[in-house]
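A.B. asks: For reference, the chains in residue letters:
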Amino acid sequence: MMPQLITISIRQPRRKAFRLWIPLLPLLLVLSPVLVIVLTAGVVACLGYRINPARALWMAWRLLCGLRGTRVDVEHGRTAVLVAIR
Amino acid sequence: MSEQRRDVLQMLAEGKINTDEAERLIAALDREQPAMVSDVDTRLRTRPKYLRVVVNIPDTADDGPAQVNVRVPLQLLRAGVRLASLIPPQALEHATDKLHQSGVPIDLSQLKPEQLEELIEHLDDMTVEVDQPDAKVHVFCE
Numbered sequence: 001m002m003p004q005l006i007t008i009s010i011r012q013p014r015r016k017a018f019r020l021w022i023p024l025l026p027l028l029l030v031l032s033p034v035l036v037i038v039l040t041a042g043v044v045a046c047l048g049y050r051i052n053p054a055r056a057l058w059m060a061w062r063l064l065c066g067l068r069g070t071r072v073d074v075e076h077g078r079t080a081v082l083v084a085i086r
Numbered sequence: 001m002s003e004q005r006r007d008v009l010q011m012l013a014e015g016k017i018n019t020d021e022a023e024r025l026i027a028a029l030d031r032e033q034p035a036m037v038s039d040v041d042t043r044l045r046t047r048p049k050y051l052r053v054v055v056n057i058p059d060t061a062d063d064g065p066a067q068v069n070v071r072v073p074l075q076l077l078r079a080g081v082r083l084a085s086l087i088p089p090q091a092l093e094h095a096t097d098k099l100h101q102s103g104v105p106i107d108l109s110q111l112k113p114e115q116l117e118e119l120i121e122h123l124d125d126m127t128v129e130v131d132q133p134d135a136k137v138h139v140f141c142e
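If you read the sequences in order, they're chains A and B.
Sequence positions in the first sequence follow the working numbering and run 1 to 86.
Sequence positions in the second sequence follow the working numbering and run 1 to 142.
None of these hints come from the bench; they were simulated from the model.
Note that the coordinates shown come from a computational prediction; the quantities given were computed from them, not determined experimentally.
Glycine is no exception: its CB is placed at the ideal position from the N, C-alpha and C atoms.
The reader is advised that the hints may include incorrect statements.
Stated by the list, open to error - Here are some chain A residues pointing at chain B (derived, C-beta under 10 Å):
#1 Ile8
#2 Ile10
#3 Arg11
#4 Asn52
#5 Ala56
#6 Arg62
#7 Arg68
#8 Val74
#9 Ala84
All chains, full assembly: derive it from the sequences and hints.
C.D. replies: Now the structure itself:
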């Protein structure tokens, strides 16, 4: 299953904490025209390098699905950055 | 019949141990067997899902301690390894040549995706701990 939500949280001293929730599915829908162009370019590149485009797309999809559960948390003094993919 | 039980009977037949000792050894083996099976069950049930990298740097320059906490799903590593299998042979040859020029005698074309997948499968047994006065690094699977 593909990730549904990306959370970005930034905390800095003397500043208000910044939190951003990015729902991936609506984002993909909004970017779908761009995605079509990117996918077409990817398929052409695969054919150019003699790679099976279907296999490459399947692998890229697996990579995207594998991102679910990734979490990067960096904290230094009173500054912190958190990126979580759920 | 297990190998150990056969060894006990062999020793009994050869007269190295008497019947009482053989009985005690077989009873001890019976007690050990279920514990080993449950160990394997627990291991299979609690198969790790994530690779964790934790770095702790104590407060040295008065700007506070630093901590890095990264959690990468093992599924992502597996997918990445499979994606690497799509690299065209020409690109692998080119990369191998560059590695040789840099003094790294590794032939990337000999590195099979199955071997890399096997490596990731065995990552769950791995724990790396680096404990220095200025930083602590802990790499493990959970």
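A.B. asks: Please write out, lowest number first, the hints stated earlier that are contradicted by the structure.
C.D. replies: Of the numbered hints, 1, 2 and 3 do not hold.
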